[in-house]
Amino acid sequence: MLPFSSFEFFIIMAIFITIIALSKYFLKSNYYKHLLVALNILFLAVIFPKPYHFISLILFSYFATYIISDIFKFKNKIWGILILLLPMLLVKFDIRFDFYPFKLNNILSFAGLSYASFRIIGYYMDKAPNEKMADFVSYFNFLSFTPTLLIGPIDRFGRFKTSQDIGFLSINSENFIIGWNSLVKGIAFKYIIAELIDRYWMSLYSIESKEILHLANNMYSYYFYLFFDFAGYSFMALGIGKMMGINVPINFTNPFVAVNPQDFWRRFHISLGDWLKDYFFTPLYMFLTRKKSLKKYPITRQNIALILTFLLMGCWNGFQFNYILSGFLFGLFSAVHNTYAIMCKKKGKDVFFGKMNPKIVKIISIFIMFNLVSIALYIFSGKCPL
Amino acid sequence: MKKCFFIYFLPLFFAITLLVIIVFKTNINSFLFQPRSANYSIDSTYHYIENFQGNQYYEEQFLLSNSNSENIFLLGSSELGVNTEATPYNFITKNFKTKLRAVGHAGNQCFSIYSQLLANENRLNNAPIVIILSPGWFISETANGTTASLFLEFNSSRFLNSIINNDSIANFKQYEIERISSFYDKIINPDLSLKILYFEKKLSESFLHKIVYFPFIKTCKTLNNVKLKLQSNNLKIKNKRHDRLPIISDSFIINWDSLFTYSKQKQIESCTNNNWFIYNEYFNNYIKGRTSTVSIVKDEINQELKDFKMLVKLLKTKKTKASFIILPINPCYYRNSNELTPLIKSLESEISLNNFSCLSFWNSDSTTFDNGILTDIMHLSSYGWYKVDKFIIETYNLAK
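Sequence order for the protein chains is E and A. Numbered by this note's numbering, the letters in the first sequence go through residues 1 to 386 in order. Numbered by this note's numbering, the letters in the second sequence go through residues 1 to 400 in order.
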C-alpha cells in the first residue's frame, strides 16, 4: 500500500501519531528519532510495496556517500552525483539486457525513488568535505519519513534533523491543530476538488479534440487539477508530519497569482524550485562564469543556466518529449523574464509596460503568467494533441 | 480546549457517526446511492462483447446457456475484433441452433481469462469453451502477463467477490491472490474486493503482517458485505439458466473445400503489393517492407506461460469441454519465428496431456506456411476463421 492511496493509510498514520504522542510521556526526548525510525521501518517492511528496494537504496546511498566524500574525497562532486543517481538513471534511461527481456524498470523501479534521489543528492551536496557523516538513524528517517516518502516535499537534511531533534517538544495541541487543519485542507484539495475537476471538468471534451475551445478547456482544467492534486498531497504530508512532530516545508502557496516565472517557482512546488536553484542553477552559473568565452555576457550565462536547469527538471520526470519540451518552455519563460528584468533595471524603467498603473500591470502579468504556465503544464501532461 | 472540542472533535464525531449510519443502514445507503435507472436490458442475441467493464450486465450471463439452446464461449484477444462473416460469433451463431458468444479484445491474456473462469467456476462443468492463444502473449513485454488495467476491464468486483466467497477452490484462489498482489500497486483506487485479496496475501507474510492487516481485512470485508447487499438489490436478473443444455447437432452440410478456396483466393487477391500475404493497406501503413524479430522469454521468467498452465489446470479440474486454437505469426515478417517453436510445442503438449482438443496453426517455415491464413502479421483472415469454424463445429459436433 502506498502512502495516501487508501483510507487504511490514514488509519496507520493515526496510530503512528498516537504512539508518538503517548511516547512523549514515557521516553526521553533524545529517543524520538529511535521511535521514528522504528515506525518508519515498520511502515516500509509491512505496508510499503517494495521494502527491500527502498532499504537497499538508503544503505547504498549512505555508504556510497561515505566512500565518495570521506574515503576517496572526490573534489569534483559531479562523479559523486552520478554514482548516487545510478539507481534512478537506470530506471529513467530504461536500459535493457539480453538476459532479461522485460523493462529493467520492472525490477528496479519503486514508488518514491525520484524524491529519495533528490534528497540523497541534497545531503551529498550540503555535506562539507571534512564534515562527519550524519548518524545513520537520522539519515534513515530523513529518507524514509512516511508522510513524505512518496511525493515530497523535497526536504533538506539539516532542516529535517533540526526538526527531528526537537520532535517530542513539537508535539503539543497547538501544532496538532495546525497539522489537523493542513491535513483537512489537503484532503479537501486532493479527494474533493481534484476529484471533482477530474470527473466533471477534465472529462468534458476528448483529449484528442483539436478544437480551440476544447483545447483551452483541457489545458486549464489540467492546470487546476494538477495543482489541487499535488498541493493536496503536500498539505496532507505537512499536516501528518506536524502531528508526528516533524516540520515538513510548505510546497505550494497559491501559484495562480504568480506575476512572473521567478514568483511562480516561489509558489509552485517550492521545494523543487529551491533544490534546482541551490544544487544545479547556482553551481552551473558559477561554472559558466569561469568560462572565458562567456565572461563578457552575464545575461547569456544566466539564461543558459536557467534553460538548462529547467531542462533538467523536465528530464527528471522522464526522457519523453513532452517532459523535455515543457521543461524547455519553463526555462525559456524564465530566460525571457530574466532579460526583461535586467533591461528594466538598466534603464531604470519598465521597458514593456512603461508608466502604466502598477495594479493593471500586476493583473496583466498574472494573466500572462497563468496562461504561459497552463500551456507548459498542458504539454507536460502529454495530453496535448497538437 | 473548549474551542478545540467544538471546532474539531464535535464535527469529526458527527461526521463519523453520519458515515457509519449511511454505510450500515442499508435502506439509507440504498436510497442515496442506488443507480437511477432500474431497467437494464440485455440483448439476448449478443454475439460479441469486448469486455465486461462497459457491459457489466452481461457478467451474469457469462458461461450460461440460453433459455433454449447451448452457448459456446469463445475467449481471446485482439483477433476477435476482426468482424467478418467467417468470424465464429457470426458464422456459427447465424447457421446453427447452438450459439457462440465471444468475449475479449487486445490484452485479454491467460490470467484475465483464468480469473473470469475461476469467478464462474460453478458454471465450468461441461461448459463448451474455446480459447484462442496468441503467440504474441508469450513474447517480449506481454510475457509479463495480463496488465493491471486490462485485468480490471474483464474482472469486476462482482467476479472477484465470487472468488473471495468461494472456499472450495483454495489452490486456484491462492494463485489469483498471488497474481493480483504482483500488480496491485499499479491499480489506482483499488476496489474493496481487490483490497481483500491483496490483504489476504499480506496477511500470510509474517506474524507482524497478520497483526497489521487483520483489522483492515475485517473492515474491508464488512464494508464489502454492505456493498454486495446493495448490489444484489440493484442487479436482479431474471431467467438465469444454470444447467447446461445438450449441444444440438444440425443437419447442415457445409462445403468446406469451396469456402476455403474462395476465402483464401480473396485474401491473396487483397495482397498485391507484397509477397508476404499481408493486405495492401496494412503493408503500406505499418510494414513498409521492414521485417522484425520476436523477443524470446525464457520459460522460468515467462509469467504468461505460468498463467497458461494454471488456466489449463483449472479447466481440467473443473471438467470443462475446453478446446484451444493456437494462432500463427507471419514467418516472412518475423525473421526468427522458428525460435518460438519450442514454446509453442510446449503449449501444444500441455494441451494434449490434459486431453483437450487443439487446432494449431503454428508454422515458422515461410516456404510451407499456409499463405492467406493471416490477414496481417498475426490476425486471422476469413480463410483462417473458416478453419476455426470447422474445428469448433467438429469438436462440439454441431453438424450431423
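Just so you know, the hints here were simulated from the structure itself, not pulled from any lab data. Beta carbons: idealized from backbone N, C-alpha and C, even for Gly. One thing to keep in mind: the hints can contain errors.
Unchecked claim - Quick list of the computed label-pair ranges, beta carbon to beta carbon: (1) Ser-5/E - Trp-256/A: 37 to 43 Å; (2) Asp-94/E - Asn-397/A: 23 to 29 Å; (3) Ala-64/E - Asp-370/A: 56 to 62 Å.
Claimed, not checked - Cross-link-like lysine-lysine pairs, in silico, PhoX-like; alpha carbons within 25 Å at most: (4) Lys-173/A - Lys-103/E; (5) Lys-229/A - Lys-173/A; (6) Lys-24/E - Lys-173/A.
Here is what the structure says about each hint:
1. Range check, Ser-5/E to Trp-256/A: about 55 Å between beta-carbon atoms, so the 37 to 43 Å window is missed.
2. One distance hint, 23 to 29 Å for the beta-carbon pair Asp-94/E and Asn-397/A, is violated here, with the actual separation near 51 Å.
3. Look at Ala-64/E against Asp-370/A: about 58 Å separates their beta carbons, and that is inside 56 to 62 Å.
4. For the hint pairing Lys-173/A with Lys-103/E, the CA-to-CA distance comes to about 28 Å; that exceeds 25 Å, so the pair is violated.
5. For the proposed pair Lys-229/A and Lys-173/A, the alpha carbon gap of about 23 Å is at most 25 Å, so the pair holds.
6. Simply put, Lys-24/E and Lys-173/A have alpha-carbon atoms about 45 Å apart, too far for the 25 Å limit, and the pair is violated.
Hint compliance for this structure: hints 1, 2, 4, 6 are not met, and every other hint is.
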